[in-house]
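Undergrad: For reference, the chains in residue letters:
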Amino acid sequence: MELDIVQYDLDEATKNRLENVIKNFLSKSGSMLAVLCDDAGRVLSYDSRVPLEEYKSEFITSIVSGIFGASLEMCKLLELEELELIQFEGRTLDVIIKHIKPRFLLGVLVKRTTSIGSVRLFLKEASLELEEILKEMKIIPKKTTKIDVETLEEKLREIIGGIE
Amino acid sequence: MKLKIVYFGSSLAGKSTNIKHLYSILKEKNMVKGELVTVETEENRTLFVEMFISSINLFGIDLEIKLLTTPGQFRLHPLRKAIMKGVDGLVFVVDSSAERERINFLVMRETAAVLKEMGEDLLNFPVVVQYNKRDLPDAMDIDTMEMMYNPWGTDYVEAVAIEGKGVLETFTKIVKNVLISKNAKDRVI
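Each protein sequence line maps, in turn, to chains F and S.
Here the first sequence stands for residues 1 to 164, numbered as in my numbering.
Here the second sequence stands for residues 1 to 189, numbered as in my numbering.
Fair warning: there could be bad hints in the mix.
Restricting the straight-line Cα-Cα distance to at most 16 Å, the calculated cross-link-like pairs of lysine to aspartate or glutamate (EDC-like) are [what the hints assert, rightly or not]:
| id | chain 1 | residue 1 | chain 2 | residue 2 |
| --- | --- | --- | --- | --- |
| 1 | F | K142 | S | E120 |
| 2 | S | K85 | F | D148 |
| 3 | S | K2 | F | E54 |
| 4 | S | K2 | F | D39 |
| 5 | F | K142 | S | E64 |
| 6 | S | K182 | F | D148 |
| 7 | F | K15 | F | E132 |
| 8 | S | K33 | F | E54 |
| 9 | S | K182 | F | E2 |
| 10 | F | K143 | S | E64 |
| 11 | S | K29 | F | D148 |
| 12 | S | K85 | F | E73 |
| 13 | F | K56 | S | E35 |
| 14 | S | K2 | F | D9 |
| 15 | F | K146 | S | D62 |
| 16 | S | K2 | F | D38 |
| 17 | F | K138 | F | D9 |
| 18 | S | K85 | S | E120 |
| 19 | F | K56 | S | E120 |
| 20 | S | K33 | F | E53 |
| 21 | S | K85 | F | E158 |
| 22 | F | K76 | S | E117 |
Source of the hints: derived by calculation from the structure; they are not laboratory data.
Okay, chain S solo, but in the shape it has when bound (with noise of 0.2 Å):
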């Protein structure tokens, strides 16, 4: 079973970070096919993808992941739109600080137009939200961030992922959700 996970976020919001300290953890656990993949600037900042691909057996069933990240940027914007193809699962990477309060709310309304375009909405689709830089001395808290950032009601984990903490977790989560999402028979998530 071939699925596509995607990681969006704001700019700087730790998507990459993620996804690199997971290939890290997960190629020690012999769970990765090759090598991580990064098209970036001049500036190491994502261009267009980083992707790496997960295998999982899981019950029998060969589980084929591909994780991708979205450039940040707004001027990148068609380039989200691009990756975001026939995703099946998404992880929402909010950066914590209060600073980025707004732009993390742009980011998930933008995302939310771009699966409409795709004929998908956003509400309905599976998602773990990863509040992210936890370490931060101006992070928001939990209760607030829920309120803007989870209309899903769903998953959520918190993550420094520069010291690789809430990383797995959210990967772990975001393979439950969409394997429940695909499969479940009365469709509930």
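Bound conformation, chain F alone (with noise of 0.2 Å):
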């Protein structure tokens, strides 16, 4: 059997139009950190005014998506009605994660001192950016490469092992 492996990746142009868009509320609003990802976790952009490495970023996606996943489930538990958003206080932090349709999230993380009404006004805002980005957003194979199974087989076993 032979295999197409293709990473695809978003198209410059959203890329770009995404990054401004978090970069403009981070400034406009005076958080501190802004993460977008799907609702599986996957970063798509984020900015922060505190050092922040790329896998930390997908690791905090991972726990934003699981948060608002599991408070979805809540909801459906007690009937309540989807949340839009949600917010919780921590001693000199708040998180806010707002659900961006269809399927993406945004999460922001502010400090206790910055007016919180001002975040969510211009949360608002962003988020009506970025749906309008994400509607049209395109996704574009990066790269790409013809193998077999066998071929493939042997690459893992080179590369990672564990197969004998």
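Given two chains presented individually in distinct reference frames, assemble the corresponding complex, making use of the accompanying hints.
TA: Below you can see the structure in the form of structure tokens.
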């Protein structure tokens, strides 16, 4: 059996537009961190005022999608309507997670000293912009390779090991 | 290419042990990004998730594989559903102890229901079955377990995860199965 292994990515124009919206939101709202991900927790874009390695943003979005997903489950159990936004308070930071249609999430970290009202206002504005961009989002093949299953197995054995 | 692989199975089947050992092995091979993240209860049981990211370059394609466990305890079922969202491949960790025969089966049935709710069919999903705790005196025989826990007829691995046995093999096989499932022209798996 032959495989076409394709690495897909967002097109550059969409990436740039998402980045701009997140950057603007961060600067206008005074938030510490904003991460945009899909509902499975895969990062689409993020910006942060504190140093944040890329892999950490992946962990954060996994937790963001998990928390939001768990809250949705709670709503189902209680027969409440679906959530648009959840917010919880830490000692020094507030966390806000906003649903972005159709299946995305924006996680935001805000210092307790920042006005939460204005953050929510800018968040609403950013959400609408993100929804517009994501509606037109294109995914393009970035790299492609053709291999058969035997070669794939051999290569995985060579790189990772574990198979005799 | 970003992949999400989830280890599921009954409570105390060895999901966390698998992930912890795998993290150490892959870290030595410089195939992880960052740390292992654990959200545990005070009794060191998985409350929410354990996860890490493995990074592999395969034929010039960057694979970023996020590995997660689901909490095994039944009371945490809603969290399991949240973690399963968007999963690309599953490792079913089966406790080989005869005492756990029924609970293994219940977890498999419940996972099928979760995937169905997400519009997926467990039987058409890339899976590897790991028969863990093969060193137990009451371990069931493989043929019986294959009949009970491998309706896919997919790859299985015999493991003693606490000693690291079978951990890497399981990972390699699930990566292979996910790549075949996502990229095969005729999609036979």
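Undergrad: Need the status of pair K56 of chain F, E120 of chain S: alpha-carbon distance at most 16 Å?
TA: Cα-Cα ~29 Å, so violated.
Undergrad: Between K15 of chain F and E132 of chain F, does the CA-CA distance stay at or below 16 Å?
TA: holds, 13 Å
Undergrad: Given the hinted pair K2 of chain S and D9 of chain F, is their alpha-carbon gap at most 16 Å?
TA: holds, 10 Å
Undergrad: Take the C-alpha atoms of K146 of chain F and D62 of chain S, compute the straight-line distance between them, and say whether it is at most 16 Å.
TA: holds, 15 Å
Undergrad: Take the C-alpha atoms of K76 of chain F and E117 of chain S, compute the straight-line distance between them, and say whether it is at most 16 Å.
TA: holds, 13 Å
Undergrad: Are the Cα atoms of K182 of chain S and E2 of chain F separated by 16 Å or less?
TA: holds, 12 Å
Undergrad: Mind checking the alpha carbons of K142 of chain F and E120 of chain S for me, to see if they're no more than 16 Å apart?
TA: violated, 27 Å
Undergrad: For the pair supplied as a hint, K29 of chain S and D148 of chain F, is the alpha-carbon distance within the 16 Å limit?
TA: At roughly 25 Å apart (the allowed maximum being 16 Å), D148 of chain F and K29 of chain S break the hint.
Undergrad: Holds or violated: are the alpha carbons of K33 of chain S and E54 of chain F at most 16 Å from each other?
TA: holds, 9 Å
Undergrad: Are the Cα positions of K142 of chain F and E64 of chain S separated by 16 Å at most?
TA: holds, 15 Å
Undergrad: CA of K2 of chain S to CA of D38 of chain F, is that 16 Å or under?
TA: holds, 12 Å
Undergrad: Holds or violated: are the alpha carbons of K85 of chain S and E73 of chain F at most 16 Å from each other?
TA: Satisfied, since the Cα-Cα distance of roughly 12 Å is no more than 16 Å.
In this structure, the earlier hints numbered 1, 2, 11, 19, 21 are contradicted, and the remaining ones agree with it.
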